[in-house]
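Trainee: This is what each chain is made of:
2 protein chains.
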Amino acid sequence: MTTTHCLCTQLRRTARGVTKRYDDALAGAGLTTAQFSLLRHLERLESPSITDLAAAMGLERSTLGRNVRVLEGQGLLELGNAVDQRNRLVSMTALGRARLDDALHAWNDAQLQLTQKFGSEKRAALIALLDELHALE
Amino acid sequence: MTTTHCLCTQLRRTARGVTKRYDDALAGAGLTTAQFSLLRHLERLESPSITDLAAAMGLERSTLGRNVRVLEGQGLLELGNAVDQRNRLVSMTALGRARLDDALHAWNDAQLQLTQKFGSEKRAALIALLDELHALE
DNA sequence: CATGGATGCGTGTATATACCCGCATTAGCT
DNA sequence: AGCTAATGCGGGTATATACACGCATCCATG
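Residue numbers (full-length UniProt numbering), protein chains in the order written: chain A, 1 to 137; chain B, 1 to 137.
These aren't lab readings, by the way, just hints derived from the structure by calculation. Don't take each hint at face value.
[Claimed, not checked] Heads up, simulated DSS-like pairs for lysine-lysine below, C-alpha to C-alpha not over 25 Å straight-line:
hint	chain 1	residue 1	chain 2	residue 2
1	B	Lys-117	A	Lys-122
2	A	Lys-117	A	Lys-20
3	A	Lys-20	A	Lys-122
4	A	Lys-122	B	Lys-122
5	B	Lys-117	B	Lys-20
6	B	Lys-122	B	Lys-20
7	A	Lys-117	B	Lys-122
8	A	Lys-20	B	Lys-117
The whole structure should be built from the sequences, with the hints applied where relevant.
Mentor: Below, the structure written as structure tokens:
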């Protein structure tokens with residue numbers, strides 16, 4: 001195995017690999033990993049604005065705006081106006097809710113499988129380190 | 001801080017954050033993190049084919065083909081033919097070499113700064129875990 | 001209440017990424 | 001030599017991602 005000693009490169013490479021796993025697992029439910037993550041955040045936040053949702057996900061606002069539009073096109077979420085007319089509030093539709101429920105099973109399977117192969121202690125340790133690294137930003 | 005308990009999401013988020021750091025550091029040298037990584041791999045491998053380079057980087061072949069074309073357009077690398085006329089061999093140009101040397105300083109700075117903030121033990125532990133996770137694929 | 005700065009968004013542009021399909025070339029077997 | 005399968009690659013398409021710019025709206029201060 002050729003392994004880089006650059007943390008950034010290694011992070012990116014592993015993220016790609018793991019993303020592919022989850023993409024495969026979620027393909028049956030018709031969602032990508034990024035889309036799944038978006039819907040999960042939407043589930044937790046109550047009709048956030050695009051800016052707020054982007055901040056919660058650690059994404060560039062314009063990036064999230066485009067990601068949102070894809071899901072809007074599929075009818076999985078809606079964009080509404082707020083009192084402050086600059087804001088556009090994102091909310092999940094019933095179809096999005098159903099799609100997310102579907103995906104959650106596939107996601108659980110992938111999650112479980114990965115944890116079994118990798119070990120739950122390592123998984124926890126890795127998440128803790130990633131958290132900490134992310135918090136430095 | 002809202003933190004996901006999904007390893008994949010956390011990996012992707014942290015990768016984005018760290019990538020941004022390195023992108024900022026490398027901007028002066030005129031390279032993105034992905035481009036820098038490509039050139040570094042090219043440095044180690046001797047005129048690999050597109051397929052081999054993609055495999056070494058853990059990238060989809062067609063993805064790498066497109067990334068290569070960007071750098072080819074900047075004159076940082078060249079595409080040549082091999083005995084097997086299906087292969088296209090990628091090799092760094094003098095300009096690419098110079099650009100990479102430039103970028104290496106910025107990269108070292110970023111690397112050092114991150115290690116100082118994060119701690120070298122944690123950094124090593126994180127890399128080890130990422131390696132291991134990547135090896136599962 | 002008028003105006004200048006702040007805020008929220010969308011768009012233009014560029015790169016990064018993956019999947020599928022088709023073409024050219026090669027290798028292997030008969 | 002000839003056919004079939006495998007290999008290497010480019011292009012089409014779609015999503016993901018970021019930055020810079022500009023527009024609309026809001027807010028605070030005079």
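Trainee: Check each numbered hint from earlier against the structure, then list the numbers of those it violates in ascending order.
Mentor: 8
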